[in-house]
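Asks: With the sequences and hints as input, model every part of the structure.
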Amino acid sequence: MYCGNGAAEANFSVGEQEEDHCAMNLARILPVAVMLSCVWPALAEQVQVPTTHEDFFQPGTQPEPAGMQAFEVSIFTCTNCHRFEDDDNPDEMTAPYENWSLSMMAQSVRDPVWQAAVTIANQDAAGAGEYCIRCHAPMGWGSGRSTTGNLDDLWVPDDTDGVSCNFCHRMVDPVLSAENPVEDADILQALVDAGTYPDPAHPGNGRFIFDPIDTRRGPLGDVVINMHGASQILYSPFHSEAAACASCHDLANPVFTWDDTTQAYELNAMDAAHPTQNVYEMFPEQRTFSEWLNSDFASTGVAFPDGRFGGDGHPDGVMRSCQDCHMPKTHGANCVWWSNPDIGTRDDIDIHAFSGGNTWVIGAVHDLYEPYYTGLSDEAVNISMQRTADMLAAASDMDVSQSDSQLDIRVTNWSGHKLPTGMPEGRRMWLNVQYLDGDGLVIEERGGYDWATATLDEASTQVWQCKQGVSQSVADAAGVDAGPSFHLVLCNEIVMDNRIPPVGFTNAGFEAIHAAPVGATYADGQHWSDTIFSIPVGAEQAVVTLYFQTTTREMMEFLRDANVTDTRGQIAYDAWVARGMSAPVIMDLTAISLDPVTGIPGDLDGDGVVGVDDLLNLLGAWGPCSGCPADINGDGTVGVDDLLIMLANFG
Numbered sequence: 038m039y040c041g042n043g044a045a046e047a048n049f050s051v052g053e054q055e056e057d058h059c060a061m062n063l064a065r066i067l068p069v070a071v072m073l074s075c076v077w078p079a080l081a082e083q084v085q086v087p088t089t090h091e092d093f094f095q096p097g098t099q100p101e102p103a104g105m106q107a108f109e110v111s112i113f114t115c116t117n118c119h120r121f122e123d124d125d126n127p128d129e130m131t132a133p134y135e136n137w138s139l140s141m142m143a144q145s146v147r148d149p150v151w152q153a154a155v156t157i158a159n160q161d162a163a164g165a166g167e168y169c170i171r172c173h174a175p176m177g178w179g180s181g182r183s184t185t186g187n188l189d190d191l192w193v194p195d196d197t198d199g200v201s202c203n204f205c206h207r208m209v210d211p212v213l214s215a216e217n218p219v220e221d222a223d224i225l226q227a228l229v230d231a232g233t234y235p236d237p238a239h240p241g242n243g244r245f246i247f248d249p250i251d252t253r254r255g256p257l258g259d260v261v262i263n264m265h266g267a268s269q270i271l272y273s274p275f276h277s278e279a280a281a282c283a284s285c286h287d288l289a290n291p292v293f294t295w296d297d298t299t300q301a302y303e304l305n306a307m308d309a310a311h312p313t314q315n316v317y318e319m320f321p322e323q324r325t326f327s328e329w330l331n332s333d334f335a336s337t338g339v340a341f342p343d344g345r346f347g348g349d350g351h352p353d354g355v356m357r358s359c360q361d362c363h364m365p366k367t368h369g370a371n372c373v374w375w376s377n378p379d380i381g382t383r384d385d386i387d388i389h390a391f392s393g394g395n396t397w398v399i400g401a402v403h404d405l406y407e408p409y410y411t412g413l414s415d416e417a418v419n420i421s422m423q424r425t426a427d428m429l430a431a432a433s434d435m436d437v438s439q440s441d442s443q444l445d446i447r448v449t450n451w452s453g454h455k456l457p458t459g460m461p462e463g464r465r466m467w468l469n470v471q472y473l474d475g476d477g478l479v480i481e482e483r484g485g486y487d488w489a490t491a492t493l494d495e496a497s498t499q500v501w502q503c504k505q506g507v508s509q510s511v512a513d514a515a516g517v518d519a520g521p522s523f524h525l526v527l528c529n530e531i532v533m534d535n536r537i538p539p540v541g542f543t544n545a546g547f548e549a550i551h552a553a554p555v556g557a558t559y560a561d562g563q564h565w566s567d568t569i570f571s572i573p574v575g576a577e578q579a580v581v582t583l584y585f586q587t588t589t590r591e592m593m594e595f596l597r598d599a600n601v602t603d604t605r606g607q608i609a610y611d612a613w614v615a616r617g618m619s620a621p622v623i624m625d626l627t628a629i630s631l632d633p634v635t636g637i638p639g640d641l642d643g644d645g646v647v648g649v650d651d652l653l654n655l656l657g658a659w660g661p662c663s664g665c666p667a668d669i670n671g672d673g674t675v676g677v678d679d680l681l682i683m684l685a686n687f688g
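Count the sequence shown with the numbering used here and you get residues 38 to 688, in order.
No lab work stands behind these hints, which were simulated from the structure alone.
Note that CB positions come from ideal geometry on N, CA and C, so glycine has one too.
One or more hints might be untrue.
As the list claims (entries may be wrong) - If you anchor each label on the Cβ, the simulated ranges turn out as follows:
#1 A549 with A489: 40 to 46 Å
#2 G688 with G475: 27 to 33 Å
#3 S440 with G575: 16 to 22 Å
Replies: Here it is, written out as structure tokens:
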């Protein structure tokens, strides 16, 4: 039997016994603790921002458009042909379902971190969760089941299938083109008539367009047999373009508008849509698509002769679109009927892996939900985590060299966007340096990480991250602390953003999309970051590791402690602990032998004497200065202790 949208579409009547079965399925899909009612409690200080559905309104297809046919769901429909479970197929890991199911696209609703964040978003601003649901649960949103923003509204089990097969393959290009299906003209015109047509120049914020009719749209123009019953197969070049990813990977908060006078993002009037609907005038939550759009990947493409991206089936090794890297091509089958000569195998199958920067949540989903619904297994989780690690390793290169008493490190970004990118809350990348003596013992360390407490020594090293914050005016209105914050829906400031830009970066281009570096300087064309560390006397080897972490301890503690509505924060925190506290993943690792450093501590200019010039250099670098030669004791700050060391060797 089938408990979900397809039942209604097939005019399937659910009897009393079947209703009980559906209830059992729903209980399996959502942990019991998460099923608690989202009742707004009285807070001691914080005040909920009185937003409404209108404040988060976005153009594009609206829920339940006229003539809409229900979404199909992958685990009951697509698996019939796109899941390989026998040895007769060329390679089961080319099957779309096997790959999609072990991606965060499939598990975007079941993600416990996201669920906890949605609860807090609703606490902070009334109904804000609806804005999150449209991208994480587009089938539920498109079917009209997210008007309040509460996750409990997603009561149909199919809704938890996240960014599903049927949803993506019903998406429509917002740009009318002769290359696109002729059916698009009527779909787009209907949006124009309704006043909800989205400006193609601003495609983010979940402004997707989906076909009300249950068609199958995709990038293959040579499909000769329709195995989908009554559904049409429509050739859609759009599905090979990065623009198809833009809807949900370029996000801004429409509650705020940039004010040229105050040079700040100010709160809009409540109960009204954003006055301009220009995403670049809203507060930038994440700008992954726009970062790509302002890189060489989007213009000329970037070649990778080493084959790190694109897969063994990529035609030329030049990466241009999101799909080139995140859906690598290979040889194989994408349908169980591949042995039919009219279907066959292909040399350029797009692997539906969607690997990115989430290193641990897929395992947490497997821990929390039944495999029947998630499609996950221990093996699948391991495959997914390894793919993520491989993607992260491919995204960067690291060069390490010695210059007298200095260790010079360059980290180069080879991804098509900032490194790291995506959700800024909790994601970070840092350098760990261990100096070893002749016996192989660590005599000093920079960027040490306590694996037992998930605590990073940030002060002693270089960390790349984005920190958002709440302005004083918003803090006063909402009753929260001003400054760096994890209150995502309230954040209206970029406190710092020193993430490494992509190939082709220009300051003007990134300023135009409000994604310029903050607290860091990159020259036009620079897609690398240099760090200098002082080498301690007695060090004979340096082991340098570039680490990436998806979720920090600080963020997880916030999700646990700030949630006063339900238990989702505690569930997320417990899942994080159970899965190793988002253990850092190695992106690059290099060990080099060091020439002896025999210089005098404090001799910054290397002239053999600690003198006035050295003192002036130290005073000029006073303050936080990770890796500076003037940071003699290597604590990340040029201060009194360094001055005392210098004075002790003066003369």
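Asks: For every hint, state whether the structure bears it out.
Replies: Results of checking the hints against the structure:
{"no.": "1", "hint": "A549 with A489: 40 to 46 Å", "in the structure": "holds (45 Å)"}
{"no.": "2", "hint": "G688 with G475: 27 to 33 Å", "in the structure": "holds (31 Å)"}
{"no.": "3", "hint": "S440 with G575: 16 to 22 Å", "in the structure": "holds (18 Å)"}
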